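A.B. asks: Sequence:
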Amino acid sequence: MEQTHTTHHGAAATPGAQRRVLVVEDDATIVEAVSARLRAEGFLVQTATDGPAAVEAAEAWQPDLMVLDVMLPGFDGLEVCRRVQARRPVPVLMLTARDDETDMLVGLGVGADDYMTKPFSMRELAARVHVLLRRVERAALAATTPRSGILRLGELEIDHAQRRVRVRAEDVHLTPTEFDLLVCLAGSPRAVLSREQLLAEVWDWADASGTRTVDSHIKALRRKIGAERIRTVHGVGYALETPAP
Numbered sequence: 010m011e012q013t014h015t016t017h018h019g020a021a022a023t024p025g026a027q028r029r030v031l032v033v034e035d036d037a038t039i040v041e042a043v044s045a046r047l048r049a050e051g052f053l054v055q056t057a058t059d060g061p062a063a064v065e066a067a068e069a070w071q072p073d074l075m076v077l078d079v080m081l082p083g084f085d086g087l088e089v090c091r092r093v094q095a096r097r098p099v100p101v102l103m104l105t106a107r108d109d110e111t112d113m114l115v116g117l118g119v120g121a122d123d124y125m126t127k128p129f130s131m132r133e134l135a136a137r138v139h140v141l142l143r144r145v146e147r148a149a150l151a152a153t154t155p156r157s158g159i160l161r162l163g164e165l166e167i168d169h170a171q172r173r174v175r176v177r178a179e180d181v182h183l184t185p186t187e188f189d190l191l192v193c194l195a196g197s198p199r200a201v202l203s204r205e206q207l208l209a210e211v212w213d214w215a216d217a218s219g220t221r222t223v224d225s226h227i228k229a230l231r232r233k234i235g236a237e238r239i240r241t242v243h244g245v246g247y248a249l250e251t252p253a254p
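Per the working numbering: the sequence shown = residues 10 to 254.
Certain hints may be false.
Label pairs and their computed distance ranges (CB to CB) [what the hints assert, rightly or not]: (1) P61 to L162: 19 to 29 Å; (2) E41 to A170: 40 to 50 Å; (3) S130 to P98: 23 to 33 Å; (4) R97 to S130: 24 to 34 Å; (5) L142 to G163: 46 to 56 Å.
Worth flagging that the hints you see were computed from the coordinates, not collected in a lab.
Keep in mind it's a predicted model, so treat the numbers as computed, not measured.
Glycine is no exception: its CB is placed at the ideal position from the N, C-alpha and C atoms.
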């Protein structure tokens with residue numbers, strides 16, 4: 010495990026303003042490539058190559074974001090994500106070697122915010138890291154400038170100020186990404202939003218290659234709030250169903 014020093018490529022920032030990224034990956038080639046790209050983007054980077062070391066590094070270093078491989082020695086990335094999120098919420102970009110939707114849904118279910126399937130481009134990885142951090146900033150700002158009231162759509166209740174969701178008066182735990190996705194859909198109830206619109210609004214990401222990310226997050230959200238509440242319009246996108254007036 011190594012801690013890098015300040016770099017002056019890309020987005021220059023004072024050391025106090027630099028964001029910390031913990032890269033957890035046991036493939037030395039990938040670790041080197043990811044770390045180099047993130048350093049060039051102006052991030053401070055620390056690395057870990059197995060599950061226990063990752064949890065220890067997250068506790069000691071308090072990263073702003075984790076890039077986390079699913080397959081690790083010791084215990085896997087899903088368990089790392091569970092343990093880290095139980096102590097302190099951290100945005101997680103999960104890396105998986107298999108293009109397996111079940112793996113993706115499990116990862117999102119334990120608190121990952123996004124995922125990428127290997128092989129991936131370093132340009133896209135860097136872009137997604139920036140997007141995740143911007144979302145955290147937006148959520149923090151929203152918490153200090155709460156929108157008035159609570160949105161109620163039948164048995165679904167969205168509390169913007171506390172970023173809480175209830176279904177039939179029961180709290181539903183959503184990841185920050187799932188909450189933002191639900192709020193986006195709820196902003197235009199019953200209207201169909203395309204995958205590209207959702208990518209732009211929620212992920213701030215305009216590349217159509219990310220549409221499968223939208224699909225996986227929608228599936229994870231359906232599991233939590235009820236599949237019947239989100240309608241699929243094949244070939245177009247999704248709509249939040251609400252009770253008829």
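A.B. asks: Per the hint of 40 to 50 Å, is the separation of the Cβ atoms of E41 and A170 within bounds?
C.D. replies: holds, 43 Å
A.B. asks: Given a hinted range of 23 to 33 Å, is it respected by the beta-carbon distance of S130 and P98?
C.D. replies: holds, 28 Å
A.B. asks: Could one say that the CB atoms of P61 and L162 fall in the range 19 to 29 Å?
C.D. replies: With Cβ atoms ~44 Å apart, the hint is violated.
A.B. asks: Honestly, do L142 and G163 meet the 46 to 56 Å range at C-beta?
C.D. replies: The hinted range 46 to 56 Å is violated for L142 and G163, with Cβ atoms some 34 Å apart.
A.B. asks: Would you say the C-beta atoms of R97 and S130 sit inside 24 to 34 Å of each other?
C.D. replies: Once the Cβ atoms are compared, 30 Å apart, the range 24 to 34 Å for S130 and R97 holds.
When held up to the earlier numbered hints, the structure conflicts with 1 and 5 and fits the remainder.
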